[in-house]
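Starting from the structure of chain A, add chain B where the hints point.
There are 2 protein chains.
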Amino acid sequence: MSNEEYYETLDPEDWDEMRGLAHQMVDDAVEYLKTVGDRPVWQAVPEAVKETFKSGLPEQPGDATAVYEEFLTNIFPYPLGNIHPRFWAWYMGNGTIMGALAEFMAATMNPNIGGGNHVAGLVEAQVLNWMKEVVGLPTDASGLLVSGGSMANLVGLTIARNTLAGGDLRKNGVQSLDRKLTVYASTEVHSCNQKAVELLGLGSDSLRKIEINDDYTINLQKLESKIVEDIQSGYQPICIIATPGTVNTGAIDDLNAIADLCLKFNTWFHVDGAIGAIAMLSDTVRPLLTGIERADSIALDLHKWMHVPFEAGCVLVRDEKAHRDSFSLTPEYLEKTEGGLASGPVWFSEYGVQLSRSFRALKIWMMMKEHGSKKLGRMISRNVDQAQYLGRLIEKSAHLELIAPIGLDIVCYRYNPGETDLPTLNHLNRSILIELQEQGIAAPSYTTLNDRYCIRVAIANHRSRYEDFDLLIEQTIRIGQSISA
Amino acid sequence: MSNEEYYETLDPEDWDEMRGLAHQMVDDAVEYLKTVGDRPVWQAVPEAVKETFKSGLPEQPGDATAVYEEFLTNIFPYPLGNIHPRFWAWYMGNGTIMGALAEFMAATMNPNIGGGNHVAGLVEAQVLNWMKEVVGLPTDASGLLVSGGSMANLVGLTIARNTLAGGDLRKNGVQSLDRKLTVYASTEVHSCNQKAVELLGLGSDSLRKIEINDDYTINLQKLESKIVEDIQSGYQPICIIATPGTVNTGAIDDLNAIADLCLKFNTWFHVDGAIGAIAMLSDTVRPLLTGIERADSIALDLHKWMHVPFEAGCVLVRDEKAHRDSFSLTPEYLEKTEGGLASGPVWFSEYGVQLSRSFRALKIWMMMKEHGSKKLGRMISRNVDQAQYLGRLIEKSAHLELIAPIGLDIVCYRYNPGETDLPTLNHLNRSILIELQEQGIAAPSYTTLNDRYCIRVAIANHRSRYEDFDLLIEQTIRIGQSISA
Numbered sequence: 001m002s003n004e005e006y007y008e009t010l011d012p013e014d015w016d017e018m019r020g021l022a023h024q025m026v027d028d029a030v031e032y033l034k035t036v037g038d039r040p041v042w043q044a045v046p047e048a049v050k051e052t053f054k055s056g057l058p059e060q061p062g063d064a065t066a067v068y069e070e071f072l073t074n075i076f077p078y079p080l081g082n083i084h085p086r087f088w089a090w091y092m093g094n095g096t097i098m099g100a101l102a103e104f105m106a107a108t109m110n111p112n113i114g115g116g117n118h119v120a121g122l123v124e125a126q127v128l129n130w131m132k133e134v135v136g137l138p139t140d141a142s143g144l145l146v147s148g149g150s151m152a153n154l155v156g157l158t159i160a161r162n163t164l165a166g167g168d169l170r171k172n173g174v175q176s177l178d179r180k181l182t183v184y185a186s187t188e189v190h191s192c193n194q195k196a197v198e199l200l201g202l203g204s205d206s207l208r209k210i211e212i213n214d215d216y217t218i219n220l221q222k223l224e225s226k227i228v229e230d231i232q233s234g235y236q237p238i239c240i241i242a243t244p245g246t247v248n249t250g251a252i253d254d255l256n257a258i259a260d261l262c263l264k265f266n267t268w269f270h271v272d273g274a275i276g277a278i279a280m281l282s283d284t285v286r287p288l289l290t291g292i293e294r295a296d297s298i299a300l301d302l303h304k305w306m307h308v309p310f311e312a313g314c315v316l317v318r319d320e321k322a323h324r325d326s327f328s329l330t331p332e333y334l335e336k337t338e339g340g341l342a343s344g345p346v347w348f349s350e351y352g353v354q355l356s357r358s359f360r361a362l363k364i365w366m367m368m369k370e371h372g373s374k375k376l377g378r379m380i381s382r383n384v385d386q387a388q389y390l391g392r393l394i395e396k397s398a399h400l401e402l403i404a405p406i407g408l409d410i411v412c413y414r415y416n417p418g419e420t421d422l423p424t425l426n427h428l429n430r431s432i433l434i435e436l437q438e439q440g441i442a443a444p445s446y447t448t449l450n451d452r453y454c455i456r457v458a459i460a461n462h463r464s465r466y467e468d469f470d471l472l473i474e475q476t477i478r479i480g481q482s483i484s485a
Numbered sequence: 001m002s003n004e005e006y007y008e009t010l011d012p013e014d015w016d017e018m019r020g021l022a023h024q025m026v027d028d029a030v031e032y033l034k035t036v037g038d039r040p041v042w043q044a045v046p047e048a049v050k051e052t053f054k055s056g057l058p059e060q061p062g063d064a065t066a067v068y069e070e071f072l073t074n075i076f077p078y079p080l081g082n083i084h085p086r087f088w089a090w091y092m093g094n095g096t097i098m099g100a101l102a103e104f105m106a107a108t109m110n111p112n113i114g115g116g117n118h119v120a121g122l123v124e125a126q127v128l129n130w131m132k133e134v135v136g137l138p139t140d141a142s143g144l145l146v147s148g149g150s151m152a153n154l155v156g157l158t159i160a161r162n163t164l165a166g167g168d169l170r171k172n173g174v175q176s177l178d179r180k181l182t183v184y185a186s187t188e189v190h191s192c193n194q195k196a197v198e199l200l201g202l203g204s205d206s207l208r209k210i211e212i213n214d215d216y217t218i219n220l221q222k223l224e225s226k227i228v229e230d231i232q233s234g235y236q237p238i239c240i241i242a243t244p245g246t247v248n249t250g251a252i253d254d255l256n257a258i259a260d261l262c263l264k265f266n267t268w269f270h271v272d273g274a275i276g277a278i279a280m281l282s283d284t285v286r287p288l289l290t291g292i293e294r295a296d297s298i299a300l301d302l303h304k305w306m307h308v309p310f311e312a313g314c315v316l317v318r319d320e321k322a323h324r325d326s327f328s329l330t331p332e333y334l335e336k337t338e339g340g341l342a343s344g345p346v347w348f349s350e351y352g353v354q355l356s357r358s359f360r361a362l363k364i365w366m367m368m369k370e371h372g373s374k375k376l377g378r379m380i381s382r383n384v385d386q387a388q389y390l391g392r393l394i395e396k397s398a399h400l401e402l403i404a405p406i407g408l409d410i411v412c413y414r415y416n417p418g419e420t421d422l423p424t425l426n427h428l429n430r431s432i433l434i435e436l437q438e439q440g441i442a443a444p445s446y447t448t449l450n451d452r453y454c455i456r457v458a459i460a461n462h463r464s465r466y467e468d469f470d471l472l473i474e475q476t477i478r479i480g481q482s483i484s485a
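Going down the list, the protein sequences come from chains A and B. Numbering-wise, our numbering puts 122 at position 122 of the first sequence, and it's gapless, one number per residue. Numbering-wise, our numbering puts 177 at position 177 of the second sequence, and it's gapless, one number per residue.
Just chain A, with the same shape it has in the complex (with noise of 0.2 Å):
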């Protein structure tokens, strides 16, 4: 080993020169937020840049600021568009400038929240509890920080089926059972609940999907049918999943009625609330999602409707021990001590599936403070309001219409000129689609309903004006008429 060797760290050799390289991405990232809405919504990353990322792995050390100049010209002007004033496509935030810092001083601390005796877990702890406040669960309940949706809700089913299905599941298996267990909710639940039933042995065949009323609610009758029936034929209900905004359409189960059914056949009350538990800090929303705080767990996701930077998901529990029990598995090497850095009150890993924990909590805690939940629901609120602009735009419109009721902040619509068959329609509405997001106009997305390709807008998004949707309805309407001629 040289002299070199022995010496060299994945520090800096010169730490201004470093300081210096960060000082200049902090005026380049506050440039690019500041001026976002003035470029293009979406652009495709052309084909010579893509070329750069098909060389193989780097052996020797390149100099920090070249590496810095390669992100620079080959990476930061494509983005995929969510931070736009005009972006609405699937469901996602903008994220915020304090929560982009606030990223980067958790990593500088670097701490690994799975568990230990210092401040993050606190922070988390503390960011869980304002969590529990905003959905109404009462305070010794449990939650868990976690990537997205998609996990949150793996970890209510997950709790679900242990807790419901007797004995014990997680030394036994789902194959020690006498009968099948099933989980219930509307043809409109988001698919990752089908993926968490699926990675949890249950099978897709088990999750029932429940027919849906004409403003895309579960049926309740439906629902409740389902349940006996499946319940006279020798399976095993665990669990009612209710949705309070849905992907397509941002419908709301009824939440209190869901409950009482629950309640009835003793089934966990797990609530998807990636798109809408979050606006309970939404003065006109609240009253919409009465009976979440009925829930067993709720699946949340600060990095949509609370615009907290990618990945900032939730759960929320409400019996600690059914949470603990389902996950909690302390081999000797992460025995907690009386003192030192290992002992500490909770530790996270044992409520879910990692084990090593990043600090997320951080970026929360932090755009919780700066700005409030009173003007956060604001924020969402107004999304709320500009889908209803939105919609009476396109209800004025002769060329355009509603595909669904307007829920919460998704408006689903389309172009049609009159006179076409489905068919030449579905068609038309996805060139105009592309279109709007070629020409880095807007970025809505696209669902389709009874058949009916549509148009969505789903605005989960604080930079959005309303005069953005003008645009967006100026343009469908040129784009579409340019298209048909």
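For the record, the hints were derived by calculation from the structure and aren't laboratory data. Do not take every clue at face value.
Copies of the same chain are indistinguishable here, so a pair counts whether it falls within one copy or spans any two.
For lysine to any residue, the following SDA-like pairs were computed, each having C-alpha atoms within a straight-line distance of at most 20 Å [to be verified]: (1) LYS369 - ARG452; (2) LYS336 - ALA44; (3) LYS264 - ARG324; (4) LYS264 - GLN236; (5) LYS171 - GLN194.
Quick look at chain B alone, frame taken from chain A:
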């Protein structure tokens, strides 16, 4: 809605003020990391500071500078300690300043790499290709960046279950099988694998923990006997988990021998390489990992020995189709389009549990470009050499003894003044460990091997110097003598 509310966003009212704050953060972070070795490795959070984390949900906005000052006072001084040159607890990396800055830039762009056509997917694909190169998997293998080893192992085991159980397991569930599935690993297997098996509905009983040899590697004869016995009893073995670098002692299972057994019994070959797989970068360790390139799936943890900030796990899978078949689910709102932002070749959400996924690829990409594989490998080689150095110090001391063979970079030892019974020795070493931590000297962790409590030094640390281990030994003896006296 007031005019102010009509236009308010979560962006700063004054971008220049926020820019100034961001520059302050950069200076503070650089200073923090530059001087980390001058501070105690760990210090408890004072009670008064703990109290501050009990306040309820903030309702009103707070000044950004005030929020940051609260962070500086109450959070920044109390990290877990794994950034420190003398942190050797559990198994974690240090992180780097470039990794932290990459997190900032990633969160500024804030893409969601669940899918879509944008540059972040290309970066992730490139990073995955580099990892295939590192472990020797073919270029047409698939992969996914995940939160960490727990998730990487879960993904690997899910594919093993779904691929080898036969039939449509995703649809029909585990209860549809006519025989029980079994998974094999040594008694030293990391606990997250048991959690994965439980989650998958197989039950922890189905994880056969095979006895180890004196060097803490899996006993191959006992492994084969158990498989044969299980087959004769009507079980279906589906997977053997090999561990190159066990968490207790860093033992490396014989990967080629296990690969042979997997071939012989037609089982999936999963490598839990959370600790050891990235040591393929090290010229001295690589020969010990021969056979890893034969794996069906490999879990890696780049936030460990590659020092990427949390979270940075990775799973690689030889059979892309098997991987995709286990996780792909494409509802109507996620259909791909031929152009626009919903095009793009790879949708990573089809390869794992998460739909929304952060841009964790960027920090890996920037760190790999900055340091190169050779230097990252030298960091690993030096830690292995430091473990041997520490071992020699222990063997030279009359007061200390090694409790297990040194595997890779993990040293398990205890203070033993002689003529002391086991319970007293265990208690004594527990006290020494807590003193080492509470005095801020060094942070090893602990484990118990054959009932013997030991101080466990896991040296995944690019900042550790040889003299840090001289200090550890000197202080262990000092504290041991002081407690014994």
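Structure-based check of all given hints:
In the homo-oligomer, the alpha carbons of LYS369 and ARG452 never lie at most 20 Å apart, since the shortest distance is 44 Å inside one protomer and 47 Å across protomers. For the identical chains of this complex, LYS336 and ALA44 are inter-copy neighbours only, at 15 Å across copies versus 51 Å inside a copy, given an alpha-carbon limit of 20 Å. Taking the closest pair of Cα atoms, LYS264 and ARG324 never come within 20 Å of each other, the shortest separation being 25 Å inside a single copy and 39 Å across copies. Proximity of LYS264 and GLN236 under a CA criterion of 20 Å is satisfied intra-copy only: 14 Å inside one chain copy versus 40 Å between copies.
When the C-alpha separation of LYS171 and GLN194 is checked against a cutoff of 20 Å, the pair qualifies only between copies, where the shortest distance is 10 Å, while the shortest distance within a copy is 23 Å.
The earlier numbered hints that this structure contradicts are 1, 3.
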